[in-house]
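*Asks:* Next come the chains, spelled out residue by residue.
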Amino acid sequence: MRLTVPLTAGVAVILVAYACGGGPPPPPPGPDLDSLNEAQRVRDSIEAARRAREDSLERVRRDRERLESTRSDSLDVMRRASERVRQQLEVMVHYEYNVARVRSEDARILDAKLAILQVNPGLRIQVSGHCDDRGSDEYNLALGNRRALAAKQGDR
Amino acid sequence: MCKAFFLVAIAAGATPLYAQDSIPPIDRGVRIGITYRPGVRPGLLVLGGARSLVLDSARAILTRDLDYSDEFEMITLPMGDSLSLGIGRGSGGTTSSASQEQFVNYALFAVLGAEFAVNVHSDDDSSVVMTLLDVQGQRFQRQVRMRSVDPSDHDFRLEIHSAADEFVRAATGVPGVASTRILFINRSRIYRTDSDGADTRPISPPEVEAMSPAWAPDGREAAYMEFPGTLYRHDIRSGSRLTVSPTVEYQNFTPEYSPDGRILAFSRATSDGTHVYTYNLAGDCCLQRLTVGRLYDNLSPTFSPDGRRIAFVSTRSGIAQIYVMDSDGTGQELFAPFDFGVTGASHAPQWSSDGLYVAFHRAIDRVPQIFVMEVATQTVRQLTSLSRNSDPSWAPDSRHLSFVSNRTGSRQVWIIDIRTGRTRQLTRLGEARLPAWSPRIIEQVPNN
Chain B
59 MRLTVPLTAG VAVILVAYAC GGGPPPPPPG PDLDSLNEAQ RVRDSIEAAR RAREDSLERV
119 RRDRERLEST RSDSLDVMRR ASERVRQQLE VMVHYEYNVA RVRSEDARIL DAKLAILQVN
179 PGLRIQVSGH CDDRGSDEYN LALGNRRALA AKQGDR
Chain H
3 MCKAFFLVAI AAGATPLYAQ DSIPPIDRGV RIGITYRPGV RPGLLVLGGA RSLVLDSARA
63 ILTRDLDYSD EFEMITLPMG DSLSLGIGRG SGGTTSSASQ EQFVNYALFA VLGAEFAVNV
123 HSDDDSSVVM TLLDVQGQRF QRQVRMRSVD PSDHDFRLEI HSAADEFVRA ATGVPGVAST
183 RILFINRSRI YRTDSDGADT RPISPPEVEA MSPAWAPDGR EAAYMEFPGT LYRHDIRSGS
243 RLTVSPTVEY QNFTPEYSPD GRILAFSRAT SDGTHVYTYN LAGDCCLQRL TVGRLYDNLS
303 PTFSPDGRRI AFVSTRSGIA QIYVMDSDGT GQELFAPFDF GVTGASHAPQ WSSDGLYVAF
363 HRAIDRVPQI FVMEVATQTV RQLTSLSRNS DPSWAPDSRH LSFVSNRTGS RQVWIIDIRT
423 GRTRQLTRLG EARLPAWSPR IIEQVPNN
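Chains as they are written, first to last, in our numbering: chain B, 59 to 214; chain H, 3 to 450.
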């Protein structure tokens, strides 16, 4: 709109001068290209700044997502590792009937538990011995205690 | 003619009675060391009489108690309850009771094979009188008048049980064991039941997982273990509990009172294994360890009736067997003989109150069976062989044993008479374990 107004005014001046038949008309005033370019430059600059800001925000968002994803993966790994450790510590050691010695095939189970305990000196576990229903109810308490002691001491 | 017919009729009526005696004991799996000879036990006839809720209840409970004493040959005849005391004079004999003379047909009772007869009647609306008659001596031998005449009263049954015990004493010289109770474990809770299986109720708190009940000698207190391993003293009447102070640490189990009630022996599981300890309850002091050795376990102590010796289980030979020691821990030696490598593990010894026997269970092909060792000769006798039978506990008569058996599918408490092998089921709950038979309960003493 601002472009249209000066052009229209120039044409009107030429038409009036020809009709009067007077001296050569003064050169018509042309558009101000510099100011146009400047305006365009300003607009471009504003647009660039906006895009740069959006790009920056997008980068930050992606970085944050990447960090969160990494952290989540890390926690998941830790959780899975912890679960594996817990499962390993919970693996049962089985005994022969009325016997408190650890079977040779079950010794590796105790070895795996021992390795975990050695790298986790702060870990506390409870060792308890159990018996099936066949033995004497009260003797089973003594046998269970003996089995727990055997597991704790690595008797095999 | 009429008299001859009568005698034939009596003989015909008596024949099935003796034919019954020749039938082997119900438990065909029981091996009986002493042969049961029919007719040796005195015949006992329970007379009929007036019917009422109170009289019928008293008669039924008394009859069952006398039957369970295994001291009598219970005489049961078709229409037998029509035999009763008459009023007025007759040819058989008379005896005085209260204000009127009663006719007692002693001659008829004698022909029926009765050496004793029992009568339950009411003098008036507010009393129940139980009478033991000596048929041969033609006299009233004992008479008990009950204080309680309300069958829903807790003491009603106990009074009848006490009367039954008194009648057994009058007839045999040794009191019966009807007025006793048996503790046992049902789903981790301690229950008590009367010796006839009636009045079964829990005594330990519902939230407590308990095992190893044991009676104090006065029958008023019991000790038991509460998981994970603390021992408690439980007052039966009030339900109040006391912790046995040194047992708040470690796992402690199988408590057993000394005969004077002053010492509690028990097993304690530690990193040294399981060992027998004693604690002075009277002085609340002096925890003492009686057994040593890191490589084997010692548990399940039981005192001799003089309190000077303790039988217990030890695995020192590589397998659990029954050993004995002095009550200070000295003089430890093998008690129940066994063949090394052949005899199965032996557990749960219980010394009888007369000191003559130690009962225990021993594995036969890995299945526990009840054994009794005669202490004087150290000879061992197997009592059961049918199904799984374990954890014997003596009645105060040193004749009956309660034990756990799964012969009817689930573990229940059963009772066996070691003289005759006669066996009966005591409990009928979901399951029952670790019975402990009380001394005679003396809360109520019947008048004479």
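Mixed in with the good hints there might be a few duds.
Said to hold, decoys possible - The calculated label-pair distances, taken between Cβ atoms and stated as ranges, are:
#1 H:L431 <-> B:R144: 35 to 45 Å
#2 H:L431 <-> B:D131: 54 to 64 Å
#3 H:D201 <-> B:N178: 52 to 62 Å
#4 B:D131 <-> H:R318: 51 to 61 Å
#5 H:R318 <-> B:H152: 33 to 43 Å
#6 H:P208 <-> B:R137: 34 to 44 Å
#7 B:G212 <-> H:T272: 34 to 44 Å
#8 H:Q384 <-> B:G212: 18 to 28 Å
#9 B:V177 <-> H:D308: 58 to 68 Å
#10 B:V149 <-> H:R296: 41 to 51 Å
#11 B:V149 <-> H:Q384: 38 to 48 Å
#12 H:L431 <-> B:G212: 37 to 47 Å
Said to hold, decoys possible - Not everything, but these chain B residues come out facing chain H in the computed CB check (under 7 Å):
#13 S194
#14 D195
#15 E196
#16 Y197
#17 L199
#18 A200
#19 N203
Because the hints were derived from the structure by calculation, they are not lab data. Glycine included, C-beta positions come from ideal geometry on N, C-alpha and C.
*Asks:* Against each hint, give a clear statement of whether it holds in the structure.
*Replies:* Here's how the hints hold up against the structure:
For the pair H:L431 and B:R144, the beta carbons lie near 39 Å from each other, so the given range of 35 to 45 Å is met. Taken as a hint, the range 54 to 64 Å holds for the pair H:L431 and B:D131, whose Cβ atoms sit roughly 56 Å apart. Between H:D201 and B:N178, the C-beta spacing of about 56 Å keeps the proposed range 52 to 62 Å intact. At about 58 Å, the beta-carbon gap between B:D131 and H:R318 stays in the expected band of 51 to 61 Å.
The beta-carbon spacing between H:R318 and B:H152, approximately 25 Å, falls outside the hinted interval of 33 to 43 Å. Our hint of 34 to 44 Å for H:P208 and B:R137 holds, since their Cβ atoms are close to 39 Å apart. For the pair B:G212 and H:T272, the supplied restraint of 34 to 44 Å is violated, since their beta-carbon distance comes to about 19 Å. Between H:Q384 and B:G212 the beta carbon distance is about 40 Å. The supplied range of 18 to 28 Å is therefore violated.
At roughly 59 Å, the beta carbons of B:V177 and H:D308 sit within the given window of 58 to 68 Å. A beta carbon spacing of about 27 Å between B:V149 and H:R296 contradicts the range 41 to 51 Å that was offered as a hint. As the Cβ distance of B:V149 to H:Q384 is approximately 42 Å, the hint placing it in 38 to 48 Å holds. For H:L431 paired with B:G212, a C-beta distance near 43 Å keeps the hint of 37 to 47 Å intact.
For B:S194, the interface hint holds, since its Cβ comes within 7 Å of a Cβ in chain H; the closest pair sits about 4 Å apart. Hint status for B:D195: holds, given a least beta-carbon distance of 6 Å to chain H, under 7 Å. Here the hint on B:E196 is kept, as its CB sits about 5 Å from the closest CB of chain H, short of 7 Å. Annotation: interface hint on B:Y197 holds; nearest CB of chain H at approximately 5 Å, less than 7 Å.
Of the supplied interface hints, the one on B:L199 holds, with its beta-carbon coming within about 5 Å of a beta-carbon of chain H, less than 7 Å. Using the Cβ-Cβ criterion of 7 Å, the hint placing B:A200 at the interface with chain H is satisfied: the shortest such distance is roughly 4 Å. At its closest, the beta carbon of B:N203 sits 4 Å from a beta carbon of chain H; the interface hint therefore holds under the 7 Å criterion.
In the structure shown, a violation is registered for the earlier hints numbered 5, 7, 8 and 10, in ascending order.
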